[in-house]
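Read top to bottom, the protein sequences are chains A and B. Note that my numbering numbers the first sequence so that position 206 is 206, with each residue one more than the last. In my numbering, each residue's number is its place in the second sequence (first place is 1) plus 10000.
Keep in mind the hints are simulated off the structure, nothing from the lab. Cβ atoms here follow ideal geometry from the backbone N, Cα and C, with glycine treated the same way. Just to be clear, a hint being listed does not mean it is correct.
What the hints assert, rightly or not - When the alpha-carbon atoms are kept at most 30 Å apart in a straight line, the in silico DSSO-like pairs for lysine-lysine are as follows:
{"hint": "1", "chain 1": "A", "residue 1": "K327", "chain 2": "B", "residue 2": "K10248"}
{"hint": "2", "chain 1": "A", "residue 1": "K231", "chain 2": "A", "residue 2": "K195"}
{"hint": "3", "chain 1": "B", "residue 1": "K10287", "chain 2": "A", "residue 2": "K195"}
{"hint": "4", "chain 1": "B", "residue 1": "K10488", "chain 2": "B", "residue 2": "K10421"}
{"hint": "5", "chain 1": "B", "residue 1": "K10103", "chain 2": "B", "residue 2": "K10071"}
{"hint": "6", "chain 1": "B", "residue 1": "K10212", "chain 2": "A", "residue 2": "K361"}
{"hint": "7", "chain 1": "B", "residue 1": "K10287", "chain 2": "A", "residue 2": "K191"}
{"hint": "8", "chain 1": "B", "residue 1": "K10760", "chain 2": "B", "residue 2": "K10772"}
{"hint": "9", "chain 1": "B", "residue 1": "K10277", "chain 2": "A", "residue 2": "K231"}
Said to hold, decoys possible - Simulated coverage check for chain B against chain A, where a stretch passes if three residues somewhere in it have a Cβ under 8 Å from a Cβ of chain A:
{"hint": "10", "segment": "10211–10225"}
{"hint": "11", "segment": "10617–10626"}
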Amino acid sequence: MRNLFIVCTLIVVSLSTVWGQEGTDFFKQYANEPVPVTNRTGGADTNLYLVGEDRGDLIFRYKPRGNREIGVPLDTDGLLLFYRAPKQLLEAMQVIDLGDFNVAVQGMRKGIYPLTAYMEIPEDRFNIHPYVERFAYALVNSEGNEDEAVAFFRRLPLTKLSPVFSSYAMQLVEDLVEQKKNREAMSLLDKLPLKGEGSLLPRILFFANALRKEGNIEEALFLYQRIQQVKDTPEAEKSQLWIAYCNVELNRLESARLFLDQSGDIKPGEVGYSLKRLIQGKILLLEKQTMKAMAEISRGVVYTDVGSDWAPEITYTAGYCYELLQKPDTAREIYGEVLLFYPKTTWGEKSKTQLDALPPKADPKPATEPS
Amino acid sequence: MFPRKYILNLVLVLTLGLQGIASLYGQAESLTLSQLQTKAVELVDSQNYLEARPYLMELVSRFEAEDAETKKRLEAVYFYLGVGYLVEYGSNQSNTMLQEAIKWFDRLEKEFPNGNFTVIANLATADAYRGLQQWTKAADIYRKLLRPPLEVRLTGPQRVEALKKLSQSYYIAKDWKSGEPWFKKFLEESRDADDQASAAAALMEAYINQSKFQDAIDLFPFLVGESPARYKLQFNVALIDAGDKLAKEKNYNEAMLMYRMVLTVEEILVWQENRLKDLNNQLALLKSTAGATSERAVELETEVFNTDAQVKALKTMKSYTPELRVRIARNYLLTSRDWESFWAYLELIKDYPDHANAQDFFYAAFTGATNIGMTDEVIRLGEAYMDDPAWSKYRDDIIVKLAQFYLEKGRAQDFFGLGKKFIESSPDNRYCSQIVFLMGSAFVKEQDFAGMISLFSGYIKKYPGVIMQDGLNYWTGMGYLFDQDYEKAVGYFETVLKKYPGSAYAEDSLYREGICEFGLQEMEAARDTFETFVRRYSDSNLRGEAEYFLGDLEASVPDVPKALKHYANVEKYTDNIGFIQNSYFRAAELLEANKRYDEMANMLERFVNNYRAEGDLTTAIYQLGRARELQGRPGDALNEYWQAIERFGDNPNANGLDLILEEYPIKYYTNRNMIDANLNFLEKIQSEGAFRKQIAEDRRALFDYIAENPNISEEVKRPFYDRAYRVALVEDVSVLDDQVAKFRTMKSDLPDLTPEETFKIAYDEAVAEYEKTLALRLQMALEEMNVELNAGHVFTEEDFSYGSPSTLIWMGHKNREFDPGLAKGAYQKVLNDHTESEFVLDALMGMGDVEQSLGNYDDALFFYRDAEERFPAEPNTVKAVMSQGDVYRKMQRAADAREQYERVLANRDWRGSPHAEALFKSGMSFYEQGEFPMAQTYFERTYIGHGAFIDWSGAAYLQSGKTLERMGRPDEAKNTYDEFLNSPQFENSPLYQEINTARKAL
């Protein structure tokens, strides 16, 4: 519950900060722009202007600024609306193909923002989705519009739209992570649908991992817990272990053990095997059971790919264990390995510190071949 | 596969068909130049290069005939003609098209080397060569582009593209030397993580190929991400190769790094399959949004094609996983990463049980488990290895180690079983010696000397001539030695020395032979043996011990200088504090015996200073105090003691302190009385002329005085036995001045306060300072001096927690009458917390006594037996045996009781009072059974044979009288009583009144 509270608070803060102070609210700015449509419901062919929705009715005007309005229930049988895209919008869309996304965004805003209010109407009844999709594409590829993009995607009913919208939103999340704007990324991630989005989960997991690596353990834990809810996916399986990991980091060892137990029997050679060993080793180290910790860690090291996410930590921890077991020369080699492979990671820095603190190297003994 | 991607990257895919192209040639010829140009531009603009070709060709013909200025227009024509062929290649994959394209681009390059189309034409030419798989030619062109003058004309993306493709060309051509600088450049300039990884991988392969391993290792950070570059088979094979080369040069750490980087075929396949899935997803998504013909879609399609091909190829690849894992396991072993090595081999055993080297895996895992102390695994693996009869390569070694671990786990039965089986199945095996060693050590640990003698002496006979004979003889000798059967033991040690002089046991056997001779009191032989030992094994770690025995041997002669020299050598050659301490103490004793008190004091002072951390400091201080006393410095002795009391008194583990506390008052009063007696005597002589005259003339008067003052020192009184000396004193007493001065000094050096006063003050201070251990000790000491403190106080668990062993025993004794449970608590604390203390025997006896008093006879017997078994040589052990008899008597098991008493009677060391007691109690046991004649026999034996021990002989008289009365022999009873009553030694016996009453009653 505490995790959820923190994350929710974070989202509120991030929204008020990003949107309220720095950005322009284009939804507000273009809210009253009438949308030119042709009503083709039931074989009709009437040009109208869609100006809003009120208690289940779509409200139309005959003239863009006129007073005469008619209401059509959203659940009208055979509802069919055709969007008459303005020329300015179409021209701006063409710029997208030239790769000039900022210009395209600039030219499309006025046409697109009014459409966002009607995105819940199925695409086969109102053909605005491709236009909005193009805008979304341009927006995430443009530069300097991240705040606007976050707000834009948060407003869209992503769970009801084509997966391509979520994919763009995830692209935005990744860009934000790259720019170290984790809080903004979190606010958007909270809106992303997880179920049924096969390709999205790995990217969310990636983000959770980034948060974890930066030390934002509580936030990472929240995301892992969300991912874990999407059962029977590799990401959920991985998240299970990372939840255990985060609990260790937060010194909740009993919870960590619980999630480790739930992760089942992971066989050597399977992806999570060495991670599980790392987590178990970390728990044992916290409990000052060095020998048992060494057994777990070393077992994990044997099955750790140097490219895996936890490789720096498990390698470092192996060095640390050797140090605790009074094998400074072996520890030195392993710290050196961490420094060599992962110099710019936390574990590289820690290894450097440990290396500096180690006693001078003993006289080298010639290595001998096993008989 | 490869060229398709790059051609498609160069020009957008054109879907124009080839039909109808031929007819266009005819049309072109008929057009005017202007029409021709318009048509060609129109078609090129709309990217219809194939359709434009006839018009472009016609333009070439016409421009060639024109002036130089007009000919300049040919550059664009050549270019689009080349492009046209590239596009056509895109459709039909014919190398001829690429060659045609190159022809036109070459013509452009030749005629317009610095033209507008030069850069793009070169890029296109290079692509065409790549399509033809002519990597060197492609590389030449990229290289040209990346150097002046063309370099400055490249846009940013063109530069990246050229670098990337140049690197790829060299990589594919495996031209590592030429490629190296360009891989490096590409790595430096690329910003994309995948590009960097790709450049690093190429550069690493170049370095590996040139054996520049350290440079290669430095590139690892670029390759630990999830980049496609790592998932190339060629790259991983190169890493294995590098690892092998490094390992061959014994650079195991570096080799390990290389192997750790390697991905298996299976891992690569999984990754590529996932990538294929991901690419297909991306492509589907892109097609649904941007359309199938977008540049990115074409790129993705190509990637899908290539990845799919790789997946298919990988599925046919032979796995190198087992070999890689063996290499990794081996390198863990060689880089002292014992833990990882163990797990790596263990997993190899599980995954490849039928591998040709499975035995090696087993052995390596077994050894690894040994190194990291995973005893259970050692045993499990060892037993599993042994279970396979086909495996023999490491069998012997494993048996020896397995035996060791059985021992470690306390599985003696398994150990001996395995050892015997091994020896008996292959007595000639060289490992038998090790097994014999382990078995010998185990027998000694188990104190099963009889078992050791029986087994090994049997083997000596059964397996003559085998390599383990030296060990068998040695351990048999040790068995007899531990049984103190020196005579038999020495023969076995001699056998080792004579028959196996080069044996590893020879050194120890010589030393043990010396000990046997020492034990047999063959002093000359012992001396020769130890001297030989010192000469032959001057660096032996037993040298110190040998020096100690030599010291003892010389001291017994006595040759004091030699003895002292040997004692002094002990600390030079051993770290055994026991021997060092004993050597000091024995040397001090020797010096004391020779009245070299100053040296004795110095010796003990040196021990106190040098071994204060590990030696028995309080005992040394006690001895030092004695030395001071002998030096005539009793004040200093008491001072040493007092300092020790203050310093160590609150440490419950300072055992010697109890002795000091006991000795302090004794020494104080002994010396005080001695000084006073001497001073009184000497001063009386000096001051009383009549007394001088009396003793000068009357020898008897002198002896009467001395008899009345027994504390006068020998050194003072001895000169007075000479009459001339006494007579001379009548006239001149100045000869006594020095002595008087000496005793006065000694008196003034003594503490002003009596021990009672001193201890009481110290006790109050200790209580105030919460020095509870010291307070308890002082309370006990004061009680010994009849100063009662806290009368009636029952000591509790809290007091026990501060008790030293001696005070715990004291508290236990005091508690007995109030609370036997608490008494047991005190004794138990000694047994639990002071297991090495000399008071353990007292604690066991105390426990036995309490249990006996509580009627817990079985428990009482347990403690008495334990006391007897653990301290067989202690004088007080007789009490343990006697008490067992007493308990049996209470249990009405008279025969068992008498058996215990007989054990006392059979031990010559317990002659005297214990024998008297045992006889009396034997008699009592018969008496209690109503077997009066037998009882009478024992009572008679008691008072006739042990009359000097009046408690037991008195009791025997009384019981004898009673027995005779019961037997109806009153006259004999009367005689017995009379004998007691008439004997002066029993006048003060507490039984006198009772016997007198009994006599009168008769």
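Hint-by-hint comparison with the structure:
| no. | hint | result |
| --- | --- | --- |
| 1 | A:K327 x B:K10248 | 25 Å, holds |
| 2 | A:K231 x A:K195 | 9 Å, holds |
| 3 | B:K10287 x A:K195 | 23 Å, holds |
| 4 | B:K10488 x B:K10421 | 28 Å, holds |
| 5 | B:K10103 x B:K10071 | 18 Å, holds |
| 6 | B:K10212 x A:K361 | 26 Å, holds |
| 7 | B:K10287 x A:K191 | 26 Å, holds |
| 8 | B:K10760 x B:K10772 | 14 Å, holds |
| 9 | B:K10277 x A:K231 | 20 Å, holds |
| 10 | 10211–10225 | holds (count 7) |
| 11 | 10617–10626 | violated (count 0) |
Hint check: a violation occurs at hint 11 only; the rest are consistent with the structure.
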